[in-house]
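Enquirer: First to last, the sequence lines map onto chains A and B. Sequential numbering of the first sequence, starting at 1, is according to this note's numbering. Sequential numbering of the second sequence, starting at 164, is according to this note's numbering.
Just so you know, these hints were derived from the structure itself, not from any lab. The beta-carbon is built from N, C-alpha and C at its ideal position, and this holds for glycine as well. Careful: at least some of the hints might be erroneous.
Said to hold, decoys possible - Listed next, with one range per pair, are the computed distances between beta-carbon atoms: (1) B:175 with A:25: 53 to 61 angstroms; (2) A:161 with B:551: 19 to 27 angstroms; (3) B:350 with A:22: 27 to 35 angstroms; (4) B:505 with A:12: 38 to 46 angstroms; (5) A:58 with B:504: 32 to 40 angstroms; (6) A:149 with B:518: 18 to 26 angstroms; (7) B:574 with A:75: 41 to 49 angstroms; (8) A:25 with B:574: 24 to 32 angstroms.
Claimed, not checked - To be clear about the criterion: a stretch of chain A counts as covered by chain B if any three or more of its residues have a C-beta under 8 angstroms from a C-beta of chain B, and this derived list gives those stretches: (9) 46-52; (10) 95-106.
What the hints assert, rightly or not - Calculated Cβ distances over 10 angstroms to all of chain B for the following chain A residues: (11) 18; (12) 25; (13) 75; (14) 160.
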Amino acid sequence: MTKPPSAGPAWPETLIGLGLLGVAALVWWQTGEIRTSPMYAKVGPRIFPYLTAIALGAMAVAMVVAGLRGGWQPDEEREVPTDWRAVFFVGAGLLANVLLIVPAGFTLASVVMFVLVAHGFGSRQPLRDAAIALVFALSAYFGFAKALGVNIGAGVIEKLLGG
Amino acid sequence: METLAALGGGFAVALSPENLLWCLLGTTLGTAIGVLPGLGPALTIALLLPITFQVPPTAAFILFAGIYYGAMYGGSTTSILLNTPGESATIVTALEGNKMARSGRAGAALATAAIGSFVAGTVGTLGITFLAPVVVDFALKFGPAEYFSLMVLAFVTVSAVLGSSAVRGLAALFFGIWLGLIGIDLQTGQARFTFGLDELLDGVNVIVVAVGLFAVGETLYVAARRYTGNDEIVPLRGSLYMTKEEWQRSWKPWLRGAAIGFPIGAMPAGGSEVPTFLSYYTEKKLSKHPEEFGTVGAIEGVAGPEAANNASAAGVLVPMLTLGLPTGATAAIMLSAFQSYGINPGPMLFQSQPALVWGLIASLYIANIMLLVLNLPLVGLWVKILRIPAPLLYAGILVFATIGTYGISNSPVDLVLLYVIGIVGFLMRRYDFPTAPVVIGMILGPLAEQEFRRAMTISNGDWSVLVTQPLSATLLALAAVALLGPMVWRMARR
Chain A
1 MTKPPSAGPA
11 WPETLIGLGL
21 LGVAALVWWQ
31 TGEIRTSPMY
41 AKVGPRIFPY
51 LTAIALGAMA
61 VAMVVAGLRG
71 GWQPDEEREV
81 PTDWRAVFFV
91 GAGLLANVLL
101 IVPAGFTLAS
111 VVMFVLVAHG
121 FGSRQPLRDA
131 AIALVFALSA
141 YFGFAKALGV
151 NIGAGVIEKL
161 LGG
Chain B
164 METLAALGGG
174 FAVALSPENL
184 LWCLLGTTLG
194 TAIGVLPGLG
204 PALTIALLLP
214 ITFQVPPTAA
224 FILFAGIYYG
234 AMYGGSTTSI
244 LLNTPGESAT
254 IVTALEGNKM
264 ARSGRAGAAL
274 ATAAIGSFVA
284 GTVGTLGITF
294 LAPVVVDFAL
304 KFGPAEYFSL
314 MVLAFVTVSA
324 VLGSSAVRGL
334 AALFFGIWLG
344 LIGIDLQTGQ
354 ARFTFGLDEL
364 LDGVNVIVVA
374 VGLFAVGETL
384 YVAARRYTGN
394 DEIVPLRGSL
404 YMTKEEWQRS
414 WKPWLRGAAI
424 GFPIGAMPAG
434 GSEVPTFLSY
444 YTEKKLSKHP
454 EEFGTVGAIE
464 GVAGPEAANN
474 ASAAGVLVPM
484 LTLGLPTGAT
494 AAIMLSAFQS
504 YGINPGPMLF
514 QSQPALVWGL
524 IASLYIANIM
534 LLVLNLPLVG
544 LWVKILRIPA
554 PLLYAGILVF
564 ATIGTYGISN
574 SPVDLVLLYV
584 IGIVGFLMRR
594 YDFPTAPVVI
604 GMILGPLAEQ
614 EFRRAMTISN
624 GDWSVLVTQP
634 LSATLLALAA
644 VALLGPMVWR
654 MARR
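This is chain B alone, in the form it adopts within the complex:
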């Protein structure tokens, strides 16, 4: 009951005309950048971070959450019509969705993706509403040692478990942690890794890193891949209304996808690739029309993964809001937005900023409704956006990148740093390194160090405190299993 009262208070905040406008702006912008290949929610929110100096936190986070949810909806449109996934989370949607579009059923594919996203997004938001207070109660018992161990677990899962290679994932993570350590050490006031440059005393700005990796690196990567500019957009044919049979074939995958996606997203591991693939294989196994998979396109293969994708996106917000633990690049950038307001996400947030937290959660329900309208009746508008020629799109992205970075300090040093990180991002993309761990390590690394030093201060420098307290020991054991388990299993199988 307490939760419902709090949620009611949240709706009072989210339904104010001003906040409704922020939500509409966020969802519209989010859909647009989700549709456009090369732009993602992490990059967009990073570019918009300066807005935190202009508007109150509630408005900013309603905007950011709208972008985050909207990108998940918009990405499916691109996957279905263009077969170029706009977001990594919609790779699976492209498998069946594009095949459906090619066999003249683009309308039904878009409809089941949008409605499935709505169903799963709403289920996921309900999940946040009722799970978050439970996690908060649990997290209030955490001390610095537990927090540190939890962050270690998250580091391992986001970098070593979910990607294609533990070595490359961890290399990306530790590179990010190093970037995060640059600047003045807050506890002792010592400069670290500044190489005598005053510009680096405040640390490397997360905007520079995110924009460098996701905008400059991505543009260089696409350019180097000999862009031929002949991506074929499948024309939008077929009714947007699903037939009775299509509804019958869709609703169970939606619910199953949501049931797979939300728990995985809410675990301190995050990621949307695992739940979408899991949902895809589940639907392929359960489908009564397995012959349609990979040939003309099976609607279950769109409905399930799309639902899983949106539910896991909602799930990611649970550790982010309740523990201050980002498990994706977008969540990490949102955490840095909290920091820029001087707010620390975590269990205390629900007590100290109830209007902000519950207003944000309530706005997610509203965002889902807005997105359903934006993505079904108005889908033709987004298809037009998809026709922006790539040369203009990528040139435009680099202009925005300039605004986002040069605007921070008006110093060409930031631009040079941006391009250096862009080259690193290009090499990472070209040689199959995940980039999200860099951003997560950069934001979470300094926080992990802070918790570690707090724990050591309490224990008088005794490292064993990390393994003698049961909760902390359990978390570290889980991290070790997650890191070493796959290696041991591979060796045992040989």
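Excised from the complex, chain A in its bound form:
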């Protein structure tokens, strides 16, 4: 790996390995829950899932070992600080979208998400962003979605405009 073995464990990488080990265990456990009939006993629906679980588990163990030995990230990547504020606003935008899309409709939910995400990326003109978002979401709704024949939840704004 890129780090000398003397470096301490890299916890993010170790945790990712452990997380994947959890996924592998979940796959193994859920594979046992798949019902099989004796008709398909030889090549039933469980063989591939079991192979997948084993492979995921093996990769997870290899990752945990690599993580404990100092991880695999190059130093310059490790030193990039995470901008939690930006992540928070992008995450808030996504959450607002999920919560608003059913009660308020696509356009309104999109405008709220757009403004929050743009703020996270450093935009400081929420009113301008909201105006752009409104035009953008409406043209996306009436252009893209209708052209594709996709049905997207209509809310107050869409109904007013006859969508």
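Assemble chain B onto chain A, guided by the hints.
Expert: The following block gives chain B in isolation, referenced to the frame of chain A:
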């Protein structure tokens, strides 16, 4: 001769006014998303998948192929002017191209990239035309065991050989295979991994996974990297016409790049990083101006890799059309578009759907011509697109992501799943996991399982059939060498 007649029939399909419009739409859209950082062809085609319910297959695939080719052209513009590769395939172009732009030769760099893309794209399309029927003849002899072994080989090459780490590549691949297994097992009707949720009985939608990884994950990644918003766009200076010397220095790298790119792309390994880097080092070695590499920018270092990139993109379509074997994320999404029409790509496709296949291949020639026009005289337009501020660009990408996923079933469950996969995609990007194997595993995994079970049914459950049939054994041996070879070599060197 048979091939030429078939290609002629294809041109009759592709030159219909309606299909020409689809091709123009695809190439324009493809160039635009290629130029924009954060958007790629796999994501765009995934978002457009619902169109398969609206238009005939020929139109849809001409559109998708135009997007695929266009993204390869557009990506070079971003690499040259912004030094932020729009596509992973154009990382190498940024090395020399951006240096050329900074020393006032942006015009020549864009020109050699566009013309080189045209030359190599056309060579690659010729390659598809004449190689595909040969592969089809060969593939008709394949049984389920051979197909399964071929898929194993492709799994190994796309995940373990091409990336930076076999462990992380395989982890991504098997995660994708697991996602692909969720839902009703088609052979026995049993539900697998549905956790009691009815929404999961039909399986996880590939749109949700592709959009989650490539749009939501990417946006979170860029946000977390403390985006400062001061990417410098090098102003477009210098004539777009290349001097005589620049032509002389370009044409050989174009042809060499095409010769390197197409075969590697057409192998059941795919990938464009290997051929572009290979072409770059070849040109650096052969150049009469090695002092320009890494300093003021050498035109050979743009011409060769750009050509290799486009030729390998064309090459990827060979295993995709003839074997139904996608070796890239975009090809995997295109395969799922075929599935949504109930069409199975593979050797039979050339007999059952000649108008579709040859119309698609003919449209690739037309797309290359359109793209040359779109990317040279109109390059100023794309530079304007590059000026869209990042906050608006990424916010807009997430709105499109909502349309693409919420539109599938109008269920917030899909949005939640989208964001969960987005977080996974973010972690994968942050900790250097390749994401393409997830999509490939998800599409190809269930097909591999199907072939495996067919082979076992034929052999009455005897696993040894995979290694006793010579062709299948050879493919598996190749896969083992590809997987274990680098490890053994590393240990031997120590």
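Enquirer: Decide, hint by hint, whether the structure agrees.
Expert: Taking the hints in turn, this is what the structure says about them:
Taken as a hint, the range 53 to 61 angstroms holds for the pair residue 175 of chain B and residue 25 of chain A, whose Cβ atoms sit roughly 57 angstroms apart. Between residue 161 of chain A and residue 551 of chain B, the C-beta spacing of about 26 angstroms keeps the proposed range 19 to 27 angstroms intact. For residue 350 of chain B paired with residue 22 of chain A, a C-beta distance near 29 angstroms keeps the hint of 27 to 35 angstroms intact. Taking 38 to 46 angstroms as the suggested C-beta distance range, the pair residue 505 of chain B and residue 12 of chain A conforms, at roughly 44 angstroms.
For the hinted restraint 32 to 40 angstroms between residue 58 of chain A and residue 504 of chain B, the CB-CB distance of approximately 37 angstroms keeps it satisfied. Taken as a hint, the range 18 to 26 angstroms holds for the pair residue 149 of chain A and residue 518 of chain B, whose Cβ atoms sit roughly 24 angstroms apart. Taking 41 to 49 angstroms as the suggested C-beta distance range, the pair residue 574 of chain B and residue 75 of chain A conforms, at roughly 44 angstroms. The hinted window of 24 to 32 angstroms between residue 25 of chain A and residue 574 of chain B holds, with their beta carbons roughly 28 angstroms apart.
With a threshold of 8 angstroms between beta carbons, the proposed coverage of the segment 46-52 of chain A by chain B holds, since 4 of its residues qualify and at least three are required. Look at the segment 95-106 of chain A against chain B: 5 of its residues bring a Cβ nearer than 8 angstroms to a Cβ of that chain, three or more, so the hint holds. Look at residue 18 of chain A: its CB is around 13 angstroms from the nearest CB on chain B, clear of 10 angstroms, so calling it non-interface holds up. Residue-level check passed: residue 25 of chain A sits 12 angstroms from the nearest beta carbon of chain B, beyond 10 angstroms.
In this structure residue 75 of chain A is separated from chain B by more than 10 angstroms, as the shortest Cβ-Cβ distance comes to about 13 angstroms. Distance check for residue 160 of chain A against chain B: the nearest CB is about 19 angstroms away, which clears 10 angstroms, and the non-interface claim stands.
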